[in-house]
Amino acid sequence: MAKAEKIVPVSTRARSGLGAVVPLLSRYAPAVCLVVLMVVFAILQPQFLTPRNLFNVMRQISIEGLIAIGMTFVILTAGIDLSVGSLVACAGLVAAMIAKGSTASSFSLSTSAQAGYGWFAAMLGAMLVGVLGGMIQGTAITKLKVPPFVVTLGGLSVFRGLALMISSSGPISGFDAGYRWWGQGSIGPVPVPALIFVGFAVLAFIVLRYTRYGRQVYAVGGNREAARLSGVNVQRVLFSVYVIIGFLSGLAGFVLSARLNSSEAVAGYGYELTVIASVVIGGTSLFGGVGSVFGTVIGSVLIGVLINGLVLMDVNPYVQQITIGLILVLVVAFDQFAKSRRLK
Amino acid sequence: MSEPLLRMEHITKRFPGVLALDDVAFEVTPGEAHGLLGENGAGKSTLLKILSGAYQPDAGSIEFGGEPIALETPLAAQRRGIVTIYQEFNLIPTMTVAENMFLGREPGRGQFIAWKRMVEDTAEQLGHLGLSIDPLAPVSDLSVGEQQMVEIVRALSMQSRLIVMDEPTSALSEQEVDRLFRIVADLKARGLSVIFVTHRLNEVMRICDRVTVLRDGRRVGSGRVGELGVDDFVKLMVGRSQTQLFTRLGDTRAAGPVVLQVEGLTRSRDPVNPHATVLADISLDVRAGEILGIAGLMGAGRTEVARSIFGADPRDSGTIAIDGRPVTIRSPVDAIRHGIGLVPEDRKQQALFLDLAVRNNLAISSLEQLSWGMWFVSDRAENALVERFRKALDIRMASAETKIADLSGGNQQKVVLARWLALQPKVLIVDEPTRGIDVAAKAEVHQQLDKMARAGIAIIAISSELPEILAISDRIVTMREGRITGSVLRDDATEESLMHLMAVAPTPQSIA
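Protein chains in written order, with the numbering used here: chain D, 208 to 551; chain Y, 388 to 899.
Pulled out of the complex, with its shape left as it was, chain Y reads as follows:
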């Protein structure tokens, strides 16, 4: 093997409470495409950010092109020839392709830009890769795939030697993926190296020469594609994580009749939000007293399913039935009227009113029940509600008037759960119910979910953490690329079998 282009050794990065990277070694040789794999939270993004100069490692060394380097800022990394292309692109949508290509290094004299040369150079460089994109088109007019091409061409024009791509295919159509892979092959032929951070094992097998797998912040394996197969990668990715062991709950729960039935839910590419996963023909049902887990890697479409059922996002087709009767859900107001609740994945952005008191946060959805007369909210009823749930869920707070922002993440999440429980929902969808809260609080939230199920609520639980899914679900549905790829009973599921369904199982389309 030739001398590596990039050699990272003993890289360690610690965040408050988390060891994100633990003594990681990573090597890329010239002219190779290297896949970086791992579950959500395995440490891929952290490694990537160190490589792009956004984070500084606490320990370890980086060698590039044979000499030790320090990447203090993103600019320093770019100057060395390491360019990172993020999922959310760094182009300025209102400017033209040419302006974006040469942003900050426009050709010309002094303050004056040589427009003609800039446009010609841009066209020429796009032409090298066989792309016919108008250099004078504003970037906002390009498709996601074309924008990505512009980023790649810009990276090339900066004399890059290593291009890092973070989930490059998540927002691309199949044709665009094919074109991307042709270009990557072309880059390899020219001696450039590419790092591919992805969840899609099939694509790794297609395009990568070697693969490194991270798990819980450690490098757990590395090898040549071909010598190692998909199954080996799956095994490496899941393993048995030491940090997250949850008590298994719900062995004695008994499921009742079907409460929520979703049939043929589809959602096409949303021009307003192109990064939302396209959903194809999602059908599922949940019974009273049952917890249905939805497992999938990032971008699989779990959150999109939840939001579509709840009426928070548009959907193209599909029917929803509650207790066997079809219902029309066009907005969250409709969903709530039919007894559906949603605990969204991003607590701060989507659930909490950080400037308001616990009381207001908890009662916001049930004001109607707490009112006297037409308009007035009864303080007494509201306080009684808060007190009831403080006891029931063991919410730790100074008083009902405490600002929600002053509560710990776990207690905030209990307030959000209480908001829905106050409405006595038939169906509760919880999206990443324990994200960003400590281990003890996670266990508490799990117990609460178990209790709710026992009280007869049909629960859909979405989680990136397989141990969590396995601990709380009765049944698990797996998703990949906007489709359902499997449905298994908890007792038949292992982390490995689920990961297989999440990462490599063929989708119905690719079978056809």
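Same shape as in the complex, but just chain D:
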């Protein structure tokens, strides 16, 4: 979301030199970085700019991107959700069980539908798992007053454990074509997961920019006490963001399972890192109140492009993790720096 630009500060103090550059830079930094990165990869690797590769990147980022949209809401309220990867696994397994009609996983790669309930019921089931997970965590955060970090760290462990229990007999694989379409299909050249991602990004943008609820999310994150004294139901807003990210994690679990044609307990492992990194690199402040879905989309694409480029250039895969970690810390350091400049 492009916020107000070209404003003449009413205050008399003139911003000079670095002080004038930093706020501008911090607003457009993610987009500028993305463009620079793409140019570099295009020069180093001719394969990079082919449509095939770019659509591939889109398919790859969509699932974590979907969760990152939810994470944007959470981080805007100065919260955090570490449980997303585990919830993805739970939701994917439940979807698979519904589609297959049993927990008994066959290693059969038969594509014919068995005695299941079809992809629609499976998708609804995955969403329901996500919403329930979000409601439980949201309740613990708002009613029991346990910090989000702790609640969702617990969730990370609990949901992963549940996933392992559900799938004690191993991965559940082999879905019908209707199910797989949600992860592997395309409309024209565009992968279905990418369409889902973009669709929810637009929806989230509208919600945050044009609805009462969106305003309240920014208000609660910007100044919780002021929001309370302005008549915002702070607890309800906090609860809701965990339900939103739960829903999107559930949906992401279904899409991932469809893409891999398999659900397993280790699905979504480590997603929290990429997802939080996407949001933060996209300019949303971990302190709450500042950020946008647009930034998160840029952040997701940036990480996707980075990983894709490194893969194409045959860089040691461990370097990817190192790079993401370093970028995350650098971006927040820059955010802090920009903040201290603002306060001066």
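Treat the hints as calculated values from the structure; they're not laboratory data. Built from N, CA and C at the ideal position, the CB exists for glycine as well. One or more hints might be untrue.
To be verified - Partial selection, computed: residues in chain Y whose CB lies under 8 Å from chain D:
1. A699
2. P731
3. W762
4. V764
5. R806
Position chain Y relative to chain D; hints supplied.
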């Protein structure tokens, strides 16, 4: 009189736009308790911070124990034997009493702490003052009074010669105050000096030997308790302040029926927030078109009353009626639904969303009215609202999209006022409505309050500045130590009579 222990001369301290201390002289003799008095903003805290090494004076000299000294840092002041005990204590709540006592100077060899000795020494020093506090108890388990005792004992163990106490009794129970005063008497007997910064004149009369009064950054008087009485101190404290003269407003306002009626509001000690003033049996009413001023010194409980009425803080008992009908208010959402608004005392911490635009800041409470359909906020309605109040309140800003942080304090405050006016409240409570804004903007805010009252809103105005209270109120309620001590019509009130009610009037409890 013996040679003074502390002699401060020609102390001057200037902050941007304010002369906080102007050529102040201050003396403390060995073995005396010296009261430092003054209204809010008189310069007491600044003087105290210079003495503790937190601020450097722009001019002036300090002599301690007969030799000129410079107090460059808080550590330097402590090394000289000047220890300041602040209202919010400097103890680490998660550590034990013993650890706190010896923080940074633990006994032992190298990195290894001699635990046994540390605990024994702590117990012994606490014992000197007749205190039975477990040296191994975590500080968070102690009462506020006990924490203060630990601070005092720590100060003593640092070979202090002068102990400065900032509002030491504000969070104490009566028994704890008595114990504190016994200990202060004990310290005096040992030749230590104590500076008491306080609003409570009765306590000054009980414990202090001499008193110095500051007003508007100047020393306006000093004398021996007994030779000067409470009335003299009150006169010295208020005087006629030269810097703050407000136009009197509202002579032709006519009050309508009672809109808000508060009956028997009480609030006991809040374990989460022990520094919040305990409220006892607060009853008041406000009429449509009337401005009720609430005057009181720091810690009198004015803000707590406002927040309790608004549902922002818990209360134990008490009823609130709007237009004669009792209402239930448990949260700000309830209060707003019943037509009550609150402009809180700390604009930045409690009212503004500094990262957001003026538009979002102004409209946050009235989004429901600005929406179309179930959810969507109408940009057009929102902009129209901002435009309406920009004109009505003369808010100076580049555009509705300007970040609120880029507005001046006065204009920010107008945005907060507009936030509530947009809801057309029946009752508006304004807590320190002109704090931290310049004189011209103050006058503007006063005019706006006058206008709102004329439009029929019942207004409660809380202020630390008596001239402000006198300029805008129709009626004034005074508070002290969580109780109402008086209710006077503006025409019958003077700064002096109000200060009397705020600082020395007996509370109903002490009459009984």
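Evaluated hints:
no. : hint : in the structure
1   : A699 : holds (6 Å)
2   : P731 : holds (6 Å)
3   : W762 : holds (4 Å)
4   : V764 : holds (6 Å)
5   : R806 : holds (7 Å)
Violated hints for the displayed structure: none, as all numbered hints are satisfied.
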